[in-house]
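S.K.: Sequence:
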Amino acid sequence: MILALQENKQPDWDVYDSITNAAIIPLTSASAADKSWLVDFADFTKGKWGGRAKLYS
Numbered sequence: 005m006i007l008a009l010q011e012n013k014q015p016d017w018d019v020y021d022s023i024t025n026a027a028i029i030p031l032t033s034a035s036a037a038d039k040s041w042l043v044d045f046a047d048f049t050k051g052k053w054g055g056r057a058k059l060y061s
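When the letters of the sequence shown are read in order and numbered with this note's numbering, they come out as residues 5 to 61.
Do not rely on the hints blindly, as some may be mistaken.
Calculated pairs, SDA-like style, for lysine to any residue (alpha carbon to alpha carbon, straight line, at most 20 Å) [stated by the list, open to error]: (1) Lys58 <-> Leu7; (2) Lys50 <-> Ala26; (3) Lys58 <-> Trp17; (4) Lys52 <-> Asp21; (5) Lys58 <-> Gln14; (6) Lys58 <-> Glu11; (7) Lys58 <-> Asp16; (8) Lys58 <-> Asn12; (9) Lys52 <-> Asn12; (10) Lys58 <-> Asp47; (11) Lys58 <-> Thr24; (12) Lys50 <-> Trp17; (13) Lys52 <-> Trp17; (14) Lys52 <-> Ser22; (15) Lys50 <-> Asn12; (16) Lys52 <-> Glu11; (17) Lys50 <-> Leu7; (18) Lys52 <-> Tyr20; (19) Lys58 <-> Ile23.
To be clear, the hints were calculated from the coordinates, so they are not data collected in a lab.
Note that the structure is predicted; figures quoted are calculated from it, not measured.
Sequences and hints are given; from them, build the entire structure.
M.R.: So this is what it looks like as structure tokens:
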């Protein structure tokens, strides 16, 4: 990411990727504490994930 910013290029990682990855650990812990029961995962893009431009080809 730093290299992309230094080269004035679009990083291949965005804020939604960061939030999603940060949410995995606490959600996994909650699921494991509840005998691996399903845990709801928030849609941080509010439904706009399908229309996002690709960050890489």
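S.K.: All the hints need checking, so say for each whether the structure fits it.
M.R.: Verification of the supplied hints:
With a CA separation close to 19 Å, the supplied pair Lys58 and Leu7 stays within the 20 Å bound. A threshold of 20 Å between alpha carbons decides the hint, and for Lys50 with Ala26 the separation of about 17 Å falls inside it, so the pair holds. Taking the CA atoms of Lys58 and Trp17, the gap is near 10 Å; set against the 20 Å cutoff, the hint holds. With a C-alpha separation of about 13 Å, the suggested pair Lys52 and Asp21 falls inside the 20 Å cut-off, and the hint holds.
The hinted pair formed by Lys58 and Gln14 meets the criterion: a straight-line CA distance of about 10 Å does not exceed 20 Å. For the given pair, Lys58 sits about 19 Å from Glu11 by alpha-carbon distance, which is consistent with the 20 Å threshold. Under the criterion of a C-alpha separation no larger than 20 Å, the hint pairing Lys58 with Asp16 is consistent with the structure, at around 9 Å. For the hint pairing Lys58 with Asn12, the CA-to-CA distance comes to about 17 Å; that is within 20 Å, so the pair holds.
Between Lys52 and Asn12 the alpha-carbon distance is near 25 Å, which puts this suggested pair outside the 20 Å criterion. A threshold of 20 Å between alpha carbons decides the hint, and for Lys58 with Asp47 the separation of about 18 Å falls inside it, so the pair holds. A hinted pair counts as satisfied when its Cα atoms are at most 20 Å apart, and Lys58 with Thr24 qualifies at roughly 17 Å. For the proposed pair Lys50 and Trp17, the alpha carbon gap of about 18 Å is at most 20 Å, so the pair holds.
With a C-alpha separation of about 16 Å, the suggested pairing of Lys52 with Trp17 holds against the 20 Å cut-off. For the hint pairing Lys52 with Ser22, the CA-to-CA distance comes to about 16 Å; that is within 20 Å, so the pair holds. Of the pairs offered as hints, the one joining Lys50 and Asn12 is violated, with about 28 Å between alpha carbons and a cut-off of 20 Å exceeded. At most 20 Å may separate the alpha-carbon atoms for a hinted pair to count; Lys52 and Glu11 exceed this at roughly 28 Å.
Under the criterion of a C-alpha separation no larger than 20 Å, the hint pairing Lys50 with Leu7 is inconsistent with the structure, at around 30 Å. For the hint pairing Lys52 with Tyr20, the CA-to-CA distance comes to about 11 Å; that is within 20 Å, so the pair holds. Taking the CA atoms of Lys58 and Ile23, the gap is about 17 Å. The hint holds against a cut of 20 Å.
The structure fails to meet hints 9, 15, 16 and 17 from the earlier list, while all remaining hints are met.
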